[in-house]
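Given the coordinates of chain A, assemble chain B onto it according to the supplied hints.
There are 2 protein chains.
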Amino acid sequence: MGYLMSSFKRSSCPVANLLEIFGDKWTLLVVRDLMMGKQTYKEFHESAEGIPTNILADRLKRLEKEKIIDKSKYQDRPVRYAYKLTQKGKDMGPALWAMVEWSNKYIPGTLSAEEIKTSLK
Amino acid sequence: MGYLMSSFKRSSCPVANLLEIFGDKWTLLVVRDLMMGKQTYKEFHESAEGIPTNILADRLKRLEKEKIIDKSKYQDRPVRYAYKLTQKGKDMGPALWAMVEWSNKYIPGTLSAEEIKTSLK
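Protein chains in written order, with my numbering: chain A, 1 to 121; chain B, 1 to 121.
Chain A extracted, bound-state conformation (with noise of 0.2 angstroms):
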């Protein structure tokens, strides 16, 4: 996986500590996805920056690991499963509202905070 997926050094940082679970992009793509209501591999998939197979099955395993999503088979054959965030992963919504807010302000053509939650609705 190269230097980027490896571990720093022990800190008691909170902020590295995070990120050693969520510090990559993708990551963090796939609990956006999730948030946005998103359960299935083939929605995650269809997203529009396009993750890879193989990284979006190692995220979503990960992200299991860490107890931020719970798995749920919805169908047998073929064995098919729904992803939902626990609390824990629910918990970093203000993390990404705050990255919204900063895009907002400084990348123009995104899309605002209200579009998002019209969208939700």
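Some hints here could point you the wrong way.
Just so you know, same-sequence chains aren't split out, so a pair can sit in one copy or run between any two.
In silico DSS-like pairs for lysine-lysine, Cα to Cα no more than 25 angstroms straight-line [to be verified]:
1. K105 / K42
2. K67 / K105
3. K42 / K88
Note that these hints are calculated values from the structure, not bench results. On a predicted model such as this, the values are computed, not experimentally measured, just so you know.
Only chain B this time, still in chain A's reference frame:
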């Protein structure tokens, strides 16, 4: 740099766009260091997580290009620069503090927001 530094497909998602800039954990740790008042290459390198010097040099260059940081020369022989967050950089504060809160809730042993703020005084 491998796939983790490669660009997403174009997206209007504000989170995805932010992650194009900050989306590897070392970058956010350098921003954290700057928020904590660190200014020099040496200070960043001394942080607990042990950022490799080649990654540090690359991330400083990217952050400067994105106008997240400014640099000013503070020594001539050899040339040494001090780095500071621009307003655009400082405005990442709320997202980082939200990460601190999440970690304090879910990762035992991480420094609390209070402890961090005290160390800043």
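Verification of the supplied hints:
1. In the homo-oligomer, the alpha carbons of K105 and K42 never lie at most 25 angstroms apart, since the shortest distance is 32 angstroms inside one protomer and 32 angstroms across protomers.
2. In this homomeric assembly, K67 and K105 come within 25 angstroms of each other (Cα to Cα) only across copies, at 14 angstroms, whereas the closest approach inside a single copy is 32 angstroms.
3. For a Cα distance limit of 25 angstroms, the shortest separation of K42 from K88 inside one copy, 23 angstroms, qualifies, whereas the shortest one across copies, 36 angstroms, does not.
Hint 1 from the list above is the single one not met by this structure.
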